[in-house]
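A.B. asks: Below, each chain spelled out in residue letters.
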Amino acid sequence: MQWLATYTDGSTLGQYNGTGGEHSSEEIDRRKLACFALISEDGEHFIQLHLEPGQRLIFRRRVEQSVGGSPVVCYLFGWQQTIHGQNVQSIWYVFDEGARIELAGRFQESHRWFYAVEPVPCEVEDALRKLEELGNESREQQRESDSARSSS
Amino acid sequence: MAATVTIRRWHGAGPTKTDITSINTRANAEDAHSTAGTTNPIQIPASGTNYSYWVTTRLSCDVTPAGTINNVKWYTDGANGFGTGVTAKVGSVPFATGYTQATGTPGTTGTQLLVANYPGFTPSPGDDMFSFTSGSPKSITGTISNPSTGDFGDFVVYQIEVGTTAGPGATPQETITWKFDET
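From first to last, the protein sequence lines stand for chains A and B.
Just so you know, we're using this note's numbering here: the first sequence kicks off at 1 and counts up by one.
Just so you know, we're using this note's numbering here: the second sequence kicks off at 1001 and counts up by one.
Worth double-checking, as some hints may not be accurate.
[As the list claims (entries may be wrong)] Using 16 angstroms as the maximum straight-line C-alpha spacing, the simulated EDC-like pairs for lysine to aspartate or glutamate come out as follows:
{"id": "1", "chain 1": "A", "residue 1": "32", "chain 2": "A", "residue 2": "109"}
{"id": "2", "chain 1": "A", "residue 1": "130", "chain 2": "A", "residue 2": "29"}
{"id": "3", "chain 1": "B", "residue 1": "1138", "chain 2": "A", "residue 2": "64"}
{"id": "4", "chain 1": "B", "residue 1": "1073", "chain 2": "A", "residue 2": "109"}
{"id": "5", "chain 1": "B", "residue 1": "1138", "chain 2": "B", "residue 2": "1127"}
{"id": "6", "chain 1": "B", "residue 1": "1138", "chain 2": "A", "residue 2": "118"}
{"id": "7", "chain 1": "B", "residue 1": "1073", "chain 2": "A", "residue 2": "64"}
{"id": "8", "chain 1": "A", "residue 1": "130", "chain 2": "A", "residue 2": "64"}
{"id": "9", "chain 1": "A", "residue 1": "32", "chain 2": "A", "residue 2": "9"}
{"id": "10", "chain 1": "B", "residue 1": "1138", "chain 2": "B", "residue 2": "1128"}
{"id": "11", "chain 1": "B", "residue 1": "1073", "chain 2": "A", "residue 2": "102"}
{"id": "12", "chain 1": "A", "residue 1": "32", "chain 2": "A", "residue 2": "118"}
{"id": "13", "chain 1": "B", "residue 1": "1138", "chain 2": "A", "residue 2": "109"}
{"id": "14", "chain 1": "B", "residue 1": "1138", "chain 2": "B", "residue 2": "1062"}
Everything labelled a hint here was simulated from the structure, so no lab data went into it.
Working from the sequences, and respecting the hints, build out all of it.
C.D. replies: Below, the structure is given as structure tokens:
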């Protein structure tokens, strides 16, 4: 499978650039990410996630390799958001090149596949930025509320 | 293109790093990889415990990831199927501490896997290998990022322990699984 990121201005960043090169999902500019899609190799399966403001992309290619066995690959992608101080998320787990998809909420550490990811730097930065935006929104709302009370 | 990651067994003085991703490997009373070797079995002791030579494993990234590989896990099926009198212990060794070649008496017993014999091995003695399952795996420190290739992460080292009640012959196979995430 391969991924395709679409930005708010309509431009895209694909995993493969058509000239043999490959982008890491870490290169996606999360400040202007609008959609994230997974496309199966045969093009038969296409799953697209539309991100709302405040939602952070989660994406990993998770590989299970037993000694003497064949690898099993699961793509996990979805969104995470802080809502009223609570961490809310929705993650798709895509198996068999899209032939089987499972949807789950919060990470479950005791599950064979649904356990948490280890953030990479761009995800940490994105989370901090979103928290700052949340803080700014909250302060702005407080100011408006104070102003309204003063007027009355 | 996704990264290519293989599982390597380290052995010998070199050390030699044998790719065991698609094959099995035996834990005998010898410092060598084999898929079916019977020349140096672990002797069933009259008293106490005999050991395999410890088995040192580590991941190798043969084709670099586009981004980062991290969140490495290690586990078994959770059920000891080796048979009566046979157990297995596992621990990890920081990659910075380095590899220690297995020692012992060939065809009889390996040296017990303890931090005194394998610097950096933790915990010491090791944990029951079968305590680690897909729902409760062993977390392995380590990460590798583009454009790097090669060995990465801590070593996972395990050893078979044979008691007086063990029966002769090869034990049934057990499956060991590694897992990792790629961005």
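A.B. asks: Of the numbered hints stated earlier in the document, which are not met by this structure?
C.D. replies: Checked against the structure, the hints that fail are numbers 1, 8, 11, 12, 14, while the rest are satisfied.
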